[in-house]
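Sequences and hints are given; from them, build the entire structure.
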Amino acid sequence: GAGVSQSPSNKVTEKGKDVELRCDPISGHTALYWYRQSLGQGLEFLIYFQGNSAPDKSGLPSDRFSAERTGGSVSTLTIQRTQQEDSAVYLCASGQPQHFGDGTRLSIL
Amino acid sequence: KQEVTQIPAALSVPEGENLVLNCSFTDSAIYNLQWFRQDPGKGLTSLLLIQSSQREQTSGRLNASLDKSSGRSTLYIAASQPGDSATYLCAVGGSSGSARQLTFGSGTQLTVLP
Numbered sequence: 001g002a003g004v005s006q007s008p009s010n011k012v013t014e015k016g017k018d019v020e021l022r023c024d025p026i027s028g029h030t031a032l033y034w035y036r037q038s039l040g041q042g043l044e045f046l047i048y049f050q051g052n053s054a055p056d057k058s059g060l061p062s063d064r065f066s067a068e069r070t071g072g073s074v075s076t077l078t079i080q081r082t083q084q085e086d087s088a089v090y091l092c093a094s095g096q097p098q099h100f101g102d103g104t105r106l107s108i109l
Numbered sequence: 001k002q003e004v005t006q007i008p009a010a011l012s013v014p015e016g017e018n019l020v021l022n023c024s025f026t027d028s029a030i031y032n033l034q035w036f037r038q039d040p041g042k043g044l045t046s047l048l049l050i051q052s053s054q055r056e057q058t059s060g061r062l063n064a065s066l067d068k069s070s071g072r073s074t075l076y077i078a079a080s081q082p083g084d085s086a087t088y089l090c091a092v093g094g095s096s097g098s099a100r101q102l103t104f105g106s107g108t109q110l111t112v113l114p
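So the protein sequences, as listed, match chains A and B.
Take 1 as the starting number for the first sequence in this note's numbering and just add one per residue.
Take 1 as the starting number for the second sequence in this note's numbering and just add one per residue.
Check before you lean on any hint, since a few could be wrong.
[Claimed, not checked] Label-pair distances were calculated between CB atoms; the ranges are:
#: 1; chain 1: A; residue 1: 61; chain 2: B; residue 2: 81; range: 37 to 43 Å
#: 2; chain 1: B; residue 1: 22; chain 2: A; residue 2: 74; range: 35 to 41 Å
#: 3; chain 1: A; residue 1: 85; chain 2: B; residue 2: 1; range: 31 to 37 Å
#: 4; chain 1: A; residue 1: 62; chain 2: B; residue 2: 1; range: 29 to 35 Å
#: 5; chain 1: B; residue 1: 81; chain 2: A; residue 2: 83; range: 29 to 35 Å
#: 6; chain 1: B; residue 1: 26; chain 2: A; residue 2: 14; range: 37 to 43 Å
#: 7; chain 1: A; residue 1: 62; chain 2: B; residue 2: 42; range: 26 to 32 Å
#: 8; chain 1: A; residue 1: 17; chain 2: B; residue 2: 17; range: 46 to 52 Å
[To be verified] To spell it out: a stretch of chain A is covered by chain B in this simulated footprint if at least three of its residues, at any positions, have a beta carbon under 8 Å from a beta carbon of chain B; those stretches are:
#: 9; region: 89–98
#: 10; region: 101–107
[Claimed, not checked] Calculated cross-link-like contacts (lysine to any residue; reagent style SDA-like; alpha-carbon spacing at most 25 Å):
#: 11; chain 1: B; residue 1: 42; chain 2: A; residue 2: 8
#: 12; chain 1: B; residue 1: 1; chain 2: A; residue 2: 31
#: 13; chain 1: B; residue 1: 42; chain 2: A; residue 2: 107
Since the hints were derived computationally from the structure, they do not count as laboratory data.
Remember, predicted model here, so these are calculated numbers, not experimental data.
Just so it is clear, CB atoms sit at the ideal spot from N, CA and C, and this is done for glycine as well.
What follows is the structure, encoded as C-alpha cells:
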C-alpha cells in the first residue's frame, strides 16, 4: 500500500499477557519510529530505527518494551507482562518527514 | 530536554473565521517543525513541514510560520470550515546526532461551527 500500515488496529488483552504490534512502513523508507499516545501524556517517542544502525531506544519506558526491525522493513513492538498503564494508542511513522499510520489502540483489562 | 507548548488547548469558532494556533518550544536548536492534524480514532496527517532554515510554508488555506530564535510557530487557518474540526498538533524535530524523533505539543482541539 501507499501508506504506513499498522496491525492490529485494536487489541484488548488481560494484564500480564504479552502483546506484539506490527508496523509496515512505506516502501523504501529507512527511518522508522514508534510513538505512544496516552490520555494525559500526549504523544511520546519510544524508539527509532535508521537503516542498519543500532536503534535509539531512549524513549522506551521500561525493559518490558522491546522492538525489532527485520530486513530493514517491517517492525514489531513487543510489550511483555502488560500493565494497565500500557493502555494507549501506539503509532508508527516512517521516513523523513515522518508519515504516520493509524495506530494500534491497546487496552489492558 | 525539548518542551513544546500549544495554546489554546481548545478553540471553538463560527464557520468562515480566520484563526491562529500557537506553538512554542524551549530549545531553538531544531531540525524542523511540523504541524499535524488528528481526527478522532485516526493517525496523524501532516499538514505543513518547515525546515529550520525556513520562515514559513503555505498550503491552500493554511500558513505556518517559524521564528526559531524566539521558539515560536503559528498555524494560520483562513476561512475556516466545519471540516477543519480536528486536533492540531505541533511537533519539533530534534537536531542532535542521527535522531530525528519528534517532540509533540498537547494539541489544540478545534471546533468549527456551521
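The hints, checked one at a time:
{"no.": "1", "hint": "A:61 with B:81: 37 to 43 Å", "result": "39 Å, holds"}
{"no.": "2", "hint": "B:22 with A:74: 35 to 41 Å", "result": "38 Å, holds"}
{"no.": "3", "hint": "A:85 with B:1: 31 to 37 Å", "result": "21 Å, violated"}
{"no.": "4", "hint": "A:62 with B:1: 29 to 35 Å", "result": "19 Å, violated"}
{"no.": "5", "hint": "B:81 with A:83: 29 to 35 Å", "result": "42 Å, violated"}
{"no.": "6", "hint": "B:26 with A:14: 37 to 43 Å", "result": "40 Å, holds"}
{"no.": "7", "hint": "A:62 with B:42: 26 to 32 Å", "result": "28 Å, holds"}
{"no.": "8", "hint": "A:17 with B:17: 46 to 52 Å", "result": "48 Å, holds"}
{"no.": "9", "hint": "89–98", "result": "holds (count 5)"}
{"no.": "10", "hint": "101–107", "result": "holds (count 4)"}
{"no.": "11", "hint": "B:42 with A:8", "result": "14 Å, holds"}
{"no.": "12", "hint": "B:1 with A:31", "result": "22 Å, holds"}
{"no.": "13", "hint": "B:42 with A:107", "result": "16 Å, holds"}
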